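Trainee: Given next are the chains, with one letter for each unit.
2 protein chains.
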Amino acid sequence: MSNIPKIVILGAGYGGIMAAQRLQKELNYNEADVTLVSKHDYHYFTTHLHMPAAGTDAIDNARVSISKLVDEFKIDTVKSTVQEIRIEDKKVILEDGTLSYDYLVIGVGGEVETFGIPGMTENAFFIRSINSVRVICEHIEHQFALYKQDETRADRLNFVVGGAGFTGIEFVGELSDRIPQLCKQFDVDPSLVNIYNIEAAPTALPGFDPALVEYAMNVLKKKGVTFKLATAIKECTPEGVLLATDEEIKAATVVWTGGVRGNSMIEKAGIEAMRGRVKVDEHLRAPGHDNIFIVGDNSLVINPEIDRPYPPTAQMAMQQGPVVASNIVASIRNQPLKKFTYENKGTVASLGKGQAIGVVGKTKLTGFWAAQLKKVIDIRWLFIIGGFSLAFKKGKFF
Amino acid sequence: MSNIPKIVILGAGYGGIMAAQRLQKELNYNEADVTLVSKHDYHYFTTHLHMPAAGTDAIDNARVSISKLVDEFKIDTVKSTVQEIRIEDKKVILEDGTLSYDYLVIGVGGEVETFGIPGMTENAFFIRSINSVRVICEHIEHQFALYKQDETRADRLNFVVGGAGFTGIEFVGELSDRIPQLCKQFDVDPSLVNIYNIEAAPTALPGFDPALVEYAMNVLKKKGVTFKLATAIKECTPEGVLLATDEEIKAATVVWTGGVRGNSMIEKAGIEAMRGRVKVDEHLRAPGHDNIFIVGDNSLVINPEIDRPYPPTAQMAMQQGPVVASNIVASIRNQPLKKFTYENKGTVASLGKGQAIGVVGKTKLTGFWAAQLKKVIDIRWLFIIGGFSLAFKKGKFF
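As you go down the protein sequences, you meet chains A and B in turn. Throughout, our numbering is defined as the position within the first sequence, counted from one, plus 240. Throughout, our numbering is defined as the position within the second sequence, counted from one, plus 240.
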């Protein structure tokens with residue numbers, strides 16, 4: 241048995257992939273063993289899933305094989321699902337095996353937060369993974385086909401999207417682009433289709449610049465989206481949703497985008513967490529565990545300007561990954577660790593084809609230029625992880 | 241009110257369209273009013289439906305707008321569903337109106353014959369119309385997406401086709417072509433997919449040349465189809481089928497192609513029929529009703545060579561249409577009516593891409609040349625009803 245330290249990375253999302261790539265670059269030959277555990281043999285672009293969910297882009301533009309991203313001579317990859325983290329034993333229990341670690345990177349992603357709304361888990365769809373958005377896309381087409389066979393079921397043409405945060409807004413933008421195509425394909429009168437976006441908060445895209453939010457809502461309303469803000473969903477049933485106002489919306493498709501919380505596995509492991517998220521130290525370590533680093537949806541980083549947590553975003557995770565990798569290397573070499581500070585490079589929400597809103601520094605963008613910026617951001621990620629060839633292959637330049 | 245005779249054609253299938261086109265050609269100006277009633281504003285190619293059902297061809301290659309086929313200055317078209325034929329009143333009751341007639345052409349197509357198998361009507365799919373095959377195609381894709389989300393449900397990858405007649409065989413041919421594409425699209429291991437073709441008769445394609453049937457079965461077996469001949473389906477459930485052997489096949493998709501019977505509307509109208517089909521006279525009139533002509537699935541024509549009915553086929557209907565039209569014109573003009581004799585121009589069954597079996601006269605064809613002949617037959621129909629432009633637009637030349 242070798243004596244070199246074992247590094248295990250759980251999850252191949254934005255944080256996990258960045259950590260793996262930085263480790264394979266910084267580690268010397270035989271300085272450590274690195275194993276990357278992923279449920280799938282591909283990395284997927286969570287921020288892009290609203291498109292294949294609506295059917296406006298191909299699944300394969302939302303993922304890339306892990307073997308194309310990491311050097312398999314330097315990093316072992318294991319396709320498996322993590323079942324339990326045993327901190328005392330320094331072991332990770334997989335569904336089909338066990339891995340020992342000296343250093344652990346937890347990047348397994350969050351879980352859907354339904355805020356206890358009855359029936360949501362059972363009856364709604366979630367934009368969470370390649371497999372879950374395939375189901376949404378096929379379900380929607382199936383509803384059009386079924387409607388055409390029995391036109392009495394008007395609810396098949398009603399689409400409820402719960403939550404008007406980033407994912408909710410981007411999804412209704414794509415869906416409203418897709419509806420005219422589906423109506424043409426299935427001979428359905430477009431005036432029969434309804435898209436409802438329901439949000440409990442008094443505004444869509446909470447935290448975004450109000451003028452941009454108003455712009456976004458106007459764009460989406462023109463595309464046929466009906467907004468119900470400051471309206472909580474009381475229950476989700478197999479027939480649709482019941483609102484706090486006691487109004488019922490019958491819909492064969494309810495997509496819940498209303499929240500993400502940390503992974504319950506973390507609290508079960510005995511790591512202190514708030515709604516599943518761990519307030520990591522300045523080096524991104526779990527408090528009290530110098531060998532456990534947490535990236536992405538499961539980490540909680542405070543924005544010092546407002547003394548509140550940053551929202552968990554892809555941008556956050558992709559900045560955390562390299563810092564975690566450097567800090568593990570520094571730990572192995574008994575060198576001082578780096579502090580993590582988040583740098584907001586700007587935020588863009590797409591509103592469907594050719595439309596978006598964005599903020600970069602103090603600059604607000606709308607429409608065409610915001611949409612171009614969104615493309616640049618997507619392509620930038622492809623370039624970072626896969627270089628020119630991946631950016632060229634999967635990037636949408638036009 | 242004009243005194244000129246009113247001709248009403250019910251249905252725009254092979255027989256109805258041919259009758260309408262011949263009437264618009266033969267009738268003089270103001271000699272009769274012709275109204276064509278159709279449930280849809282398009283004519284569809286029943287013999288082509290197995291392709292869009294499996295997803296191997298686009299829906300729009302299986303239909304053509306009625307307005308492109310008949311001259312709307314000469315023929316009125318009504319998009320409606322026939323509810324009742326009132327022979328005593330010479331009226332047809334539509335779901336949204338009433339039409340009077342002096343001459344009636346019944347070409348409304350048949351109904352699915354399930355032979356009373358419990359659960360078949362409720363749980364199986366049928367290759368019957370544009371709308372019904374859209375549902376099949378979307379349902380199949382949906383099953384792949386759902387399977388990928390929950391791989392414990394192996395029955396989602398099982399496909400049962402009940403009936404190994406023409407439609408059943410042609411559908412499993414297409415389906416076995418589609419499966420590898422779907423497996424690639426949804427990351428599914430092709431070895432997990434099963435296609436079962438179940439037939440109560442001791443042979444597939446009963447009535448076809450036994451050597452050709454054997455050829456066909458070998459082609460389809462190589463493509464992964466499992467045949468169960470001489471095996472009746474005892475029950476169709478939401479979980480699959482129960483066979484007479486008490487074997488259960490779990491399958492999320494059961495497509496029943498096992499039979500067609502005449503339309504129940506005809507017996508309800510008081511016309512004498514056997515399983516919904518009317519033994520028409522030599523001029524294609526309903527017995528005892530000189531002004532009612534029947535074409536297609538609802539007509540029963542005896543093959544004098546074997547003293548048994550011809551099977552109801554598209555080829556039969558398209559030969560009947562023009563004879564019915566001529567006989568109506570002759571009736572109006574008090575001229576002698578034509579006798580109908582069926583001329584078998586050959587039969588080809590496709591077995592998926594590039595494969596088919598066929599009989600033309602005494603010549604048997606298999607493989608490439610049979611597949612070419614199938615294309616010629618399809619294109620011939622397009623040419624007959626829509627001329628060169630339609631044949632060019634919808635025809636598969638390669």
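No wet-lab data here; the hints were simulated from the structure. Values in this document were obtained by computation on a predicted structure and should not be read as measured data. Treat the hints with care, since some could be wrong.
The list treats identical chains as one, so a pair stands whether inside a single copy or across any two.
What the hints assert, rightly or not - When the alpha-carbon atoms are kept at most 27 Å apart in a straight line, the in silico DSSO-like pairs for lysine-lysine are as follows:
1) Lys462 - Lys314
2) Lys461 - Lys578
3) Lys585 - Lys519
4) Lys462 - Lys579
5) Lys388 - Lys633
6) Lys519 - Lys633
Trainee: A separate judgement is required for each hint: does it hold in the structure or not?
Mentor: For each hint, the structure was consulted:
| no. | hint | in the structure |
| --- | --- | --- |
| 1 | Lys462 - Lys314 | neither (52 Å within a copy, 43 Å between copies) |
| 2 | Lys461 - Lys578 | neither (46 Å within a copy, 63 Å between copies) |
| 3 | Lys585 - Lys519 | within (22 Å within a copy, 79 Å between copies) |
| 4 | Lys462 - Lys579 | neither (46 Å within a copy, 62 Å between copies) |
| 5 | Lys388 - Lys633 | between (37 Å within a copy, 25 Å between copies) |
| 6 | Lys519 - Lys633 | neither (38 Å within a copy, 64 Å between copies) |
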